[in-house]
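Asks: Each chain, written out:
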Amino acid sequence: MTLDRRDFVLNLLGLGAATATGAVGVGLFNQPAHAHAPIRPPGALPESDFLSTCIRCQRCADACPNHCIKATPESEGPVRAGTPFIQPREQACMLCSRVETEHLRCTEACPSGALQLVAKTLIDIQQKAQMGKAKVDLNLCYSYNDFTCGTCLKACPVGALRTGMWARPIVDMDACVGCGLCERVCIRYPHAIRVEAGERK
Amino acid sequence: MTNDGMTNDEFPKTLPKVRPSTFVIRHSSFLVSIARRSIQLLSVGVLVLLPIMALYTHFKEAHAIHDLGENNWRNVAVRGVERFVNKDAGRQQLVQRTQGTIWSARLFGVSLSDPLAGAEAIISSRSFYKPMLWSLLIPVAVTVLFGRVFCGWICPMNTLLEVVDKCRRLLRIAEIRERDVKFSLKNKYFVLAVTLGLVGVTSVPFVALFYPPAVMSREVHLFVFGSTVGIGAYVLLAIGAIELFVSKRWWCRYICPGGALYSLLGRFRVVRVERDENKCVHCGECVRVCQFDLRPMLVQITGMECTNCGSCVRACDDDALRFRWMLPVIGMTNDGMTNDGMTNDECQTKNASSKSTLVIRASSFLLASSFVIGHSSFAQAHHILGLPHYSYKENYPQAPTLEYPATTGPYDVLMTSFPGHPVPGERTTIAFYIKDRNTGLPYELPVSMRALKTATFGANTVIMEPLIHEPTTNQHKYFVTFPDDGEYIVELTMDVEGKPEVIPFLMIAGAPTATKSVVIAIGAGLGSFLLVVRAVKLKRDRRRRLENVE
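From first to last, the protein sequence lines stand for chains A and B. Sequential numbering from 34 applies to the first sequence in the working numbering. Sequential numbering from 2 applies to the second sequence in the working numbering.
By construction, these hints were calculated from the structure, which means they are not laboratory data. Quick reminder that beta carbons are idealized off the backbone N, C-alpha and C, glycines included. Fair warning: there could be bad hints in the mix.
Label pairs and their in silico Cβ distance ranges [claimed, not checked]:
1) Lys131(B) with Val42(A): 35 to 45 angstroms
2) Gly524(B) with Ser130(A): 50 to 60 angstroms
3) Arg127(B) with Arg195(A): 13 to 23 angstroms
4) Pro501(B) with Thr196(A): 38 to 48 angstroms
5) Gly197(A) with Thr457(B): 52 to 62 angstroms
Capping the alpha-carbon separation at 16 angstroms, the derived lysine to aspartate or glutamate pairs in EDC-like fashion look like this [as the list claims (entries may be wrong)]:
6) Lys436(B) with Asp496(B)
7) Lys61(B) with Glu133(A)
8) Lys436(B) with Asp170(A)
Output of the computed footprint for chain B on chain A, the stretches with three or more beta carbons under 8 angstroms from beta carbons of chain B [what the hints assert, rightly or not]:
9) 91-100
10) 153-162
11) 172-182
12) 189-202
13) 225-232
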């Protein structure tokens, strides 16, 4: 492969031009995280780091014993396509509570470090597995609207839901890890308690 | 006269094709081709087994293996894995540690990643992560020792394209001219550089979106888990179609960034194909069979682009080509593509390519980037079709629901349907929850709703006249019965700051036939029908001509 200087310079220019055009093209779709940011599996890096580190291999989705991690479909745009997310209403993260494992299985499976290792202990999970925070919609929650329900209180695995008067759920924002089990069991349609993806540190 | 299907104009047809009079199996090359086919089959098997084993683990951990249900292929496969595991804890560990796609996988506990995935992850995240480096160890070592063997021996896309090669026979029967448009083999290095440059500039690792083996593996996953395929399947189809009608192995030869990286990594390989000049009669057979457009006939040893697939060794009638172990060659090697030892046709190709280098490179880049951009479209409303909680039983007593969010003025509207996917004749509860985004208070005015059945041609028919409702427990609730299979529109009319606002929501009842798939089926059917008609006509004409001669 012998190149003369003219060829070399032309190639270099072409390379630069193509990269710049492509960067603009991809950049157009690289929108900032909006209000409906997807809920990522436990141990995920902050959203922008997560998007640049995740190689879209779907090992976490396969490793999840509860089948709750799904791959983002291609219709969501090239930036997010193939990244893992959790839709708690469909299937929530059970923090590997019913399987034998040292670390949460998805964090163990991740080859690229987009999901950092989280040991299966309450302390480690509450420190590192920040998927989001549960939020109660007072207009919808039965317990806040003349019926006593309390289903979500029994579902919480980390003790983040405190009971108010007449089984009204109150979320302890420090303890909640955003696993979504409360959302999963909520008997109201549309569900009154939802997990919203928060800032991850 | 048959010409073996190769209308490769570059090859001097004056040289006679030498064939031994007796059929001789050259053992070593025969064994190599058997081994290659086995490994190709094995890798396709792994491609399918990865999601099946993951599915098995899901069922196992949900204690639902015994609730699998009817004997469809998926359940049969999962039961097969169960039989293999046979309650053996060690085997179960192995299966449980199998996951991922060909892009990056864990096979029975051994972590493996595509070197391109590794390069992409390092460039995009600007950091080194130890597990990633470990998973790169085996693939990189194999490539450094044996060269670009991934392409020829493992890549499922190449295996698929080899099947497409067989389909070329169909073209020959229909007497459609086979085309093999050629570009510069160096294009792919350009694509690799642009791709990695883009990954670095944008910090978005998007290669897996269009890299065929990764796409294929992902689609197989989708199919095993959800019985559907995504847009990626169309990308693969397009690659196959262009392969069949325009240019042979165009993706692998001229575009594939993975192939480029493998070539670079395998530059100092220790296994190469060597040509014995004393035995070679320059018949050109090796060049004709080479899938990657290399010229073993013109070089002493094959260069970095060779996949060591052994086709040329097997095709050589004179025992002139064979595999050889050798020390890494430090100097320049080539695959018969540079100035030394170039044929006249070669020179022409080279000249033609240098004239339009920029055009070709720009177009190949546009092609690669169009796959990325073509994948994007606006985010759609979320379809939540829930699986039963902690259970894989189909008749678990919790019906799936459907949710569509929408916004209008200061209000967030949430449409919920129960059941989410109604069967015709079933009473469906459709509820609207409308909330003021700023105050958090529910919408307390009455709203009206009507339901329409969509028509592919002509006007939609109204199946439910507008009905006005006051909210109950902060919701507006309606009951609709959809008469038959099809797509429906549920229209909500509400008052937003004094003006009436109409919001349509899509509902699907039963199993409607999608217009798109009907059109595709008719088109494909018509195409193959015309092909067969043409082939039959040609055959008949030829027979008639022969009869006339007699």
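Asks: Take the hints in turn and mark each one as holding or not.
Replies: Verification of the hints:
1. Lys131(B) with Val42(A): 35 to 45 angstroms: holds, 40 angstroms
2. Gly524(B) with Ser130(A): 50 to 60 angstroms: holds, 51 angstroms
3. Arg127(B) with Arg195(A): 13 to 23 angstroms: violated, 42 angstroms
4. Pro501(B) with Thr196(A): 38 to 48 angstroms: Roughly 43 angstroms apart at Cβ, these two residues keep to the hinted range, so it holds.
5. Gly197(A) with Thr457(B): 52 to 62 angstroms: Check passed, 53 angstroms falls within 52 to 62 angstroms.
6. Lys436(B) with Asp496(B): With Cα atoms ~13 angstroms apart, Lys436(B) and Asp496(B) stay inside 16 angstroms; holds.
7. Lys61(B) with Glu133(A): The hint holds at about 12 angstroms.
8. Lys436(B) with Asp170(A): With a Cα-Cα distance of about 10 angstroms, the restraint between Lys436(B) and Asp170(A) holds, given a limit of 16 angstroms.
9. 91-100: holds (count 9)
10. 153-162: violated (count 0)
11. 172-182: Coverage by chain B holds here, the residue count being 3 at a Cβ distance below 8 angstroms.
12. 189-202: violated (count 0)
13. 225-232: violated (count 0)
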